[in-house]
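One line per chain: the protein sequences are A and B, in this order. Quick note on the numbering used here: the first sequence kicks off at 1 and runs consecutively. Quick note on the numbering used here: the second sequence kicks off at 1 and runs consecutively.
Careful, some of the hints might be misleading.
[Unchecked claim] With a straight-line cut-off of 25 Å between C-alpha atoms, the simulated DSS-like cross-links for lysine-lysine are:
id : chain 1 : residue 1 : chain 2 : residue 2
1  : A       : K24       : B       : K194
2  : B       : K133      : A       : K22
3  : A       : K22       : B       : K33
[Said to hold, decoys possible] Negatives, chain B to chain A, calculated, CB over 10 Å:
id : residue
4  : I193
5  : L198
6  : S200
Derived from the structure by calculation, the hints contain no laboratory data. Where is the CB? At the ideal position from N, CA and C, for every residue including glycine.
Here's the letter readout for the chains.
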Amino acid sequence: MPEPTDEKNKMLTRVYGISFPKQKLLEEYLVLLEEAKKRDHRKIGKEMELFHFSTAVGLGLPLWLPKGAILREQLEKFLKKVQKKFGYEQVITPHIGDVSLYKTSGHFQKYGKDSFQPIRTPNEGEEYMLKPMNCPHHCEIYKFKPRSYKDLPVRMAEFGTVYRYEQSGELHGLTRVRSFTQDDAHIFCRPDQLKEEFLKVIDIIFIIFKALDFKNYAAQISLRDPNNKEKYIGSDENWEKAERAIIEACTEKGLNTNTELGEAAFYGPKLDFMIKDALGRSWQLGTIQVDYNLPERFGLEYIGADDKRHRPVMIHRAPFGSMERFVAVLIEHTAGKFPLWLTPEQVVVLPISEKYNDYAQKVSNQLNISDIRAGIDDRNEKIGRKIRDNEMKHIPYLLIVGEKECESNTVSVRRQGEGDQGSMSVDSFAEFIGKEVSDQLAEAYK
Amino acid sequence: MIKITLPDNSVKEFDKGITGLEIAESISSRLAKEVLSISVNGEVRDLARLIDSDASVKLLLWDDLQGRETFWHSSAHLMAEAIEFFYPGTKFGIGPTVDNGFYYDIDLPEGKTLTDKDFAAIEQKVLELARTKSEIVRSDISKADALKLFTEKGDQLKLELITDLQDGIITIYKQGNFTDLCRGPHLPNMGFIKAIKLTSIAGAY
């Protein structure tokens, strides 16, 4: 901290407290606080070896460890599959872009001064920026060929990594970082398609909430200030249409919403989703944002049924928000007990003694071939200890193998929280767990 | 008579100059016991303030975020009174509410320190003061009087704050032996506070 320079900047002591109208409420709060500490994603992330921060790499730059990478990959795979069903197409764009691109988009004006500085090249005057957003690249993809009204909507998705220089005091685990990957997509559509597209994005968000067991959620509709219309870009008619589309879509979906006037961005109204986790804490997750600004700035067009040029509307949406933030919320919500389909290690094979290590390895290989994520615990420890340690790590299935199992090509199955499930052939176990995973996902897609 | 619209859109007529507490009493005695503050046309106010014209109101309880904010704001003042008891001469900065509770920025007298080891004693004192149910009284004073008051207290921090204020009239709140510059709103009295926990301490500029 800097030395105080005058009376005004004198260091003060800040004392924090909380109070209640009933002693019982305080006691409940303290239990919750204790539980929140246990669920701190930074603590669990370390214990489960999901991610790591190294000062040698830099503040706020997360390193995803092998198990964290699996977790992230599963989430991406899941969302990609859902999005495919809803007509999205994946694209891939570079991590940098010419400074002029961000001058066109307006991001340079917003992020330029306070964020990572442009990268120079051996060419005098040539400058690139680490991308703070994926949208400009996607606008250029939209423009690469002429679009007709029949082509719309175009739904372009990318797990795009962006870079923003957050103040070091603001950094916090995975929730505030300097590099993060958005589950980004941009929908380019006609104004009359807005409502339909909102309905579809809400459906995607519902599928995610269901698959990850977020039961308690609400949404905020942010509209423009009706007394200050000149503050906003885009025609009056389009704003009215878009606002009506959002409100109607929410009503049709039976969403619990509150509406805030004047909270819209200058370039369009939006819908934000808030979830409550298992401890009743609120987190802001995905956003669906209408944008009249970028299509204007990039001169995006489509040829209408009238053979004339029209401006498409753009929707930005990221149901997870970012992979980093979402994983943090998920850890704090589940305390690291992820659903079977998502958990990095679904099965650990435990040989009773060293003699059965080879058989354990064989079982694990066989499961991995069937797309089941299995490992083995061949430490020279007593079986009781191995069971305890792996249960602590929230491994859903433990397979115990000894002489009997080795001879009959079977495994003894233990389910986390349910204990001994009897023995099974390796094939039937693979089939059994495979079905449990596909049932879980089918339930969410329903 | 003035028309008071309640959140369920029902309209009740009252004499001009009714207070929030009287509105609560007209509904139920239980509500009158639990209500913390009142939102009048969207502005949160003390229950004792008079309502002079037609208004939409909402009586705020612990379950309302704004009700909790009133509760925590008063709690911050009570904590400040307890701290002043143990550390006479302490100067007080701002004492706002946060997501879960409140804080107060304090400037301890020369040579004094406060650590988390002192929390228990302060908490006990807060509860002891709360049991006296001291009333929280709002008054409007002129900028000149405010400057005089805080010059007497020797509170440089507050003098700076007041000097920066534009308003001709300045609001102060007083409870027991503690007076502070504050916009409010506050609880009717400190008796509502039944439990308190000091959670952490940090440096601030």
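Results for each hint:
1. A:K24 with B:K194: holds (10 Å)
2. B:K133 with A:K22: holds (15 Å)
3. A:K22 with B:K33: holds (13 Å)
4. I193: I193 of chain B not clear of chain A: closest Cβ-Cβ about 5 Å, inside 10 Å.
5. L198: violated (4 Å)
6. S200: With a cut-off of 10 Å, S200 of chain B comes too close to chain A, as the shortest Cβ separation is near 5 Å.
The structure fails hints 4, 5 and 6 (numbered hints given earlier, in ascending order).
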